[in-house]
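Here is how the chains run, residue by residue.
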Amino acid sequence: MSYDFIKSRLHLYAVLQNIEDLVQYDEEAKKLIKDWNVVIKFSVKGSGNVYLIFENGKCTVTDSSEKKPDIVLFFTSPAHLNKMFDGKANPIPLKGITKLGFLTKEFPKLTERLEYYLKPDDQKLKDSRFVTINTVMTLNTALFALKELLLFDPIGKHIAKKIKGSMVMMNVDKGPAVYIEQKNNGFQVHKGYHEQPLAVLQFKSMKIANDFLNGKMDAFSAIASGAVATKGHIEWLDAVSPVLDRIALYLA
Amino acid sequence: MKLEAKGATQSSAAKIKSKTYTYSNSHKLFQRALKVIPCGIPGHFSPAPFVPPTMYPFYADRAKGSRFWDVDGNEFIDYMCAYGPMVLGYNNPKIEAAASQQRQKGDCMTAPGKVMVELAEMLTSTIAGADWAFFAKNGGDTTNLAIMIARAATGRKKIVMIKGGYHGVAPWMQGYGHYGVIEEDIANIIGIEWNNVQQFEEAIAANPDGIAGFIATPYHHPTFADSEFPATGYWQRIRELCTKHGIVLIIDDVRCGFRLDMRGSGAYFGFKPDLACYCKAIANGYPISALVGIDALRTVAAKVFYTGSYWYQAVPMAAALATLKELKRINGPVLMNKIGKKLFDGMVKICGQYGYDLKVTGAYSMPYVRITNDPSNMLHQEWCAECTARGAYFTSHHNWFVSAAHTEKDIQKTWNIVDDVCKLLKKKYGEKY
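Chains as they are written, first to last, in the working numbering: chain A, 1 to 252; chain B, 1001 to 1433.
Read the hints as simulated data drawn from the structure, not as lab findings.
Reference excerpt, derived from the structure (chain B facing chain A, CB under 8 Å, subset only):
no. : residue
1   : F1030
2   : G1040
3   : A1048
4   : P1053
5   : G1177
6   : S1376
Keep in mind that this is a model prediction, so the values were computed, not measured. Every residue, glycine too, gets a C-beta built ideally from N, C-alpha and C.
The following block holds chain A by itself, in its conformation from the complex (with noise of 0.2 Å):
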């Protein structure tokens, strides 16, 4: 698989998830899309489809809709969409040319705050509201880019072969969750605590989650020092450790 085509898997489906939690944490997000009944499809000719539901204040995003889209924003290749997140190419509207006023003023206000909460910095990182959404971001899209990593990228796959059966749970203590598990050939990701894990790796808190996730802190020393806990089939997350260190390769 070629570099784009990864990485374009990882903007549709590790990156674009996130708006579901943004809209849910974000008062300004929130308010945006409060009357939005509206689905937007990402179209990527060979890479994959994503669609943003809005409906009810929420937003879901996920690979297959039975809705029909309002909207449908096709890329020509995976290197088309890599480019748009990168700022330098606009999607084709194939459908919804009637909405362009929605495209063009409204949705990349949503986008501006999906960026904004995606790139930490010093001054961003002062604010504790901005540390937990942008811990919350970074644990799913970590999640969610492992599970492509997983199928698609050459060690991923490698290292796939090795954890059979595997199921790993990433959260923050008392706080957000989120576990994917090997099923029927296949890895899923949810959102949220599972009741019966059997591979733990806990942050003690969103700051140090912060630091972990953002690589500003290295796994044994914070596992040693207990500012991370792993418990079960630690194993796993040894295996998976390098993968989840490969995201920053497509998305840094």
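Chain A is fixed; fit chain B onto it per the hints.
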């Protein structure tokens, strides 16, 4: 004194007697270490696999016999034995005397000591089928040399090894995806399942005249998984295939060596390897490893250039010579398995009285031990941590080690701790497990 593991029947009504240790000095030292050593304690001594690390000591202060004391003054019955090297007890007087005597004469010198020849003679007269010995420092030095010799002898590239097998830390020994390992490092490694002769046959068929060596441990003892003995006839069939196809048969006896059989683990399982790697138990903690081989590979072994600054140190060689003599005298492998059997049979009984299934796999001298009640392993991890924090040092991810220095007193104390911890967990979880 005749000991019997009574556990719950004896003391279920009693309160939990043992207190847990604290590790403030260990943790302070670790914080200092983090500033000057990557991840504080790198490698297999890293506390990261302990669950939770905060219930384990990070630094040792001293050791004697079967026990060690950490920097907080806590005393532990050591069931890791420095991850294998300690076999006759820490600071064993006989070994220390031999080492001291050699130290007074010389250690790291410009030429090897006479003791190197004596040690090689000892190894070749002890290990079945060994015609020569080559010395290095770590087990990984010898597994790597074995591969080089196999390639030099056959003119082939491919090496067959067992998935999940551990042979050291050189890139080819680690899996693709491990940090610092590139695809090319493992391009000539073929991984097959343990106890699967058919996969070996398929590998041979897929690589005609391409396989230089087959390397495996005498029995399968991976981390994070139960140990597995060879199936009946497994090694004999592997031997036949290696001989038929001109493949060098290498056993990595680094962990099992002298804990199963003084003649080497090949003899224990009834086959003759071409090369065998030793370390761990060979010198009771002194840094030395050895590769032994058959006469047919002597010339090639001589041609492979392989050396290190400290590989000719005479003190570890003197310690190894004394260790092997002592192990022979007491029949160390038999003794360690006898001690281990008594210890683990008792522990299984105690755990069973609380409804906990303690599974012991591999040799009693170095078994993999786990409570099977919880599929996530969390109960087992908690059990290990609680036992450790009461003075019986158990790891949850690696096989344990028993030494010839473990005493009946150690066994009884361990049983008491196990009983206390089972009681604690039962109280905490009730019938959940």
